[in-house]
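A.B. asks: Sequence lines, in order, name chains P and Y. Every letter in the first sequence is one number past the one before it in our numbering, and letter 495, counting from 1, is 495. Every letter in the second sequence is one number past the one before it in our numbering, and letter 72, counting from 1, is 72.
Because the hints were derived from the structure by calculation, they are not lab data. Bear in mind the structure is a predicted one, so any value in this text is a computation, not a measurement. Each hint should be verified, as a subset may be incorrect.
[Claimed, not checked] One-sided and incomplete, this derived list gives chain Y residues near chain P with beta-carbon spacing under 7 Å:
#1 91
#2 94
#3 96
#4 101
#5 110
#6 112
#7 114
#8 121
Every residue gets a Cβ at the ideal spot worked out from N, C-alpha and C, and that includes glycine.
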Amino acid sequence: MKEAQVKGVEVIRGLLRNVSGFLGSYESGDLLKLVSIKEGIVKLKEEFSHFEELQKLNGILDQLLGLIDNVSKFPQEEKLFISLATEIVNNLLVFFGHEISGRELIQRLNSSLSQLKELARTIATKKDGDTKDLPEEEGYPEDYFSSLVEDAKLLREFYHEATEHLNEAQFTLIELEHDSKNQELINNIFRNFHTIKGSSAFLGLKNIEELSHSIEDILALVRDGKILLSKELVDLIFYGIDFLRNLLDIMTVTEFQAAEMKKSFLRISIHRKFVQLMKRIAKEYTYKKIGEILEEEGKLRKEDLEYILSKQGETEKRFGDIAVEEKILSSEEVVGALQKQKQQEAKIKKLGFVKVSNEKLNSLVDIVGELVINQSMLKQEILSGDAHSTISERTLSQLEMITTTIKNLVISMGMLPIADVFNKLKVVARNTASELGKVVVVEMKGEETELDRNVIETIYDPLMHIIRNAIDHGIESPEERAKAGKDKIGRIMVSAEHKGSGIEIVIADDGRGIDKEKVLKKAIDLHLVDREKANTLTEKDIYNFMFLPRFSTSEKVTTVSGRGVGLDVVKKNLEQIHGRVEVYSELGKYTKFVIKIPLTLAIIEGFVTKVGDNKYVFPFSMIEEIVVLDKSEIKTSKDGDREELLIYHRGVYVPVIFAHRIFKEPLSQKERLIALLFNLDEFKYCVVVDEALGKQEIVIKGLSGALSEYDYFSGGTIFGDGSIGFVVDLQGLIEHA
Amino acid sequence: MKKYIVVVDDSEVIRNIVDQTLRMANYPDIILAENGVDALQKIKPLLGQIALYISDVNMPEMDGLTLVKEIRKLDSTTPIIMLTTETDKSKMRVAKENGATGWIIKPFEGEKFIKVVEMYIRS
């Protein structure tokens, strides 16, 4: 070949690839892309004109160009046009890649050409008619409902059952909107439609059967990961539910009398289009295997397909490789099919997850905990022995690194984003607000924040209670808000973020705030506090009353909250996961619940100290500074009859707490003291211990029996040398100081 | 003869750009309208003589999606092209369901725009 020709072929291949790309990503109605396709074909024609032997290809390109201007008005035909054009371009690509002969090309193109001509004829006849390419309304044949049972009682029962399933399905669908891959939800909604389909078939309600069947089929594909539950698909299913409701409505309107029902049913067939649409989606959008794609394109005979598949079973080679080796397909064909598959795959986004049972995961966490302990035991043993060499030290540090990596991995496996919980809360908020006739916008922040799955399971209930409370008690009615000069729409902000070694979840509403006087009055009425002592209570003390059992300030009992259960449950649930809750509020302006929970229940970075004869572990991330003090630096300040120890440190007075006092250990007699400086809720505290032993990974074990009652311990741990220690809960410690 | 191109957009700037682009490409018969209501008033006396509709999506009074529906009640065949900044495909899908022929995403190059127009009218 001459050089100019080689270059020309390169240009042609480039153009073909461009056009093929445009065709692959074309979406009906995207006019600019359509123009690009057209331009590409025009340029191809130009290039072809340089080669005498290629000019006969111009016929088919002209045919394409003739159609492209008209086809965009007819969606059905447009689809066919795009697929024919794709086929033609791909065949040309294969030809210019020297994979097939000119004769083979002409053969292939001829079949495309005849289809194109056929398409041109269809369009020519349509062009004069209506642009809207809607088929005639398809009615039902007269005998369609002949098997409808004439038992009003059964039909009524079906009506109730189906209504319930639809309600459930609708609710699940709302959740799926935000959590489209949740298998449990998908299974639930699948069962809903499956049941409706089953019973309607039994009763001869063919239209309902048809409709629910079409949705069930789609959901089965979703369940098997063969189709992505996109926003659009969710919307479609919502429409389907509406159609089903309409049909169910007809059942009640006709008072479950079969004859009347039949008459009405025969008249309403609009949903058949929906059924057709669902079927089309099921067919067109599902994930196909490469063999299936090739067979559909007519490039592979069924026998060959089966042969390759059997070969694949024996050799574990890839499908395409076998096909090319056996000379059944050209590599271009395989690549073409692979590209097609990839496009589909992108559409479907197969999930890359493995399911692991909770139980297995938990025992893995436990085992890793043991591993961490053993590793530190080994370290201690080697370092304290005389025989340790640089090699053993290096191996040891390697081992340490590996253990840490495994630990982090295992912890992250057990982590889930809080988004699931947040989305459920959105649904709760929506329902609660509409129940109470209030308008509320819920804003969410930090949904991606990850939490231990065990924590996630527990956190939903308390958060739900707080949200319901916020809408019921916090957010005022629209009229009341307008009167107070607020926006009629109430706002609730829910956020989650990492803070220190834990997670902070904030739920804030811009409602009427908490009336402290009211809370206090109620507390006095319930004899929770003496009238005289009431004046000495801090804001925090007053809010704490709300977390006591049977405490509710709402005068009215509503279905939502206000029965006096709620906040005490919130507190209890949170305690289970070592979480705590704080309340901030300003009357008439806002209420804010701040919930702090640890990231994981299993392993923390601890700072080990010795107080008296025992070891105490403090959460390392909370420590700001370790200071050495002279006993004389500690000053005593008197606040009424309360005596407080303070040190002056970096310009501020910091209260000093002797850990000994709280843990009931003998007080240190030393003059120089070691103290840990903490920052908790923007206050600094200085905790005096006897010895600082160092940072270490700590596996927290729950405390049992009498020990579990001390709320200044969040757990216990076993050290490498077999000794035990207590894990300190700082908040608890400070409350006891 | 069908000759008019109806251009509906609430932005005067865009209206003028489209107007000029079309004039430069030798399409002199252009009807400009500010919104759906305005457009419908101007369309009614010209039915049968319109070759192409070009409309914005977001407009006051009557938006493009409604306008398409209204036009289709009067004229079921003439192509309607939506001008949109929407990357939101679902809105475009609604437009198509309502009877629009297709869409062009703003901003666009004049040359490409004319090519699209040429697909529907020969000057």
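A.B. asks: So, for every hint listed, does it hold in this structure?
C.D. replies: Verification of the hints:
| no. | hint | result |
| --- | --- | --- |
| 1 | 91 | 11 Å, violated |
| 2 | 94 | 11 Å, violated |
| 3 | 96 | 5 Å, holds |
| 4 | 101 | 6 Å, holds |
| 5 | 110 | 12 Å, violated |
| 6 | 112 | 6 Å, holds |
| 7 | 114 | 9 Å, violated |
| 8 | 121 | 10 Å, violated |
Checked against the numbered hints listed earlier, the structure breaks hints 1, 2, 5, 7 and 8; every other hint is satisfied.
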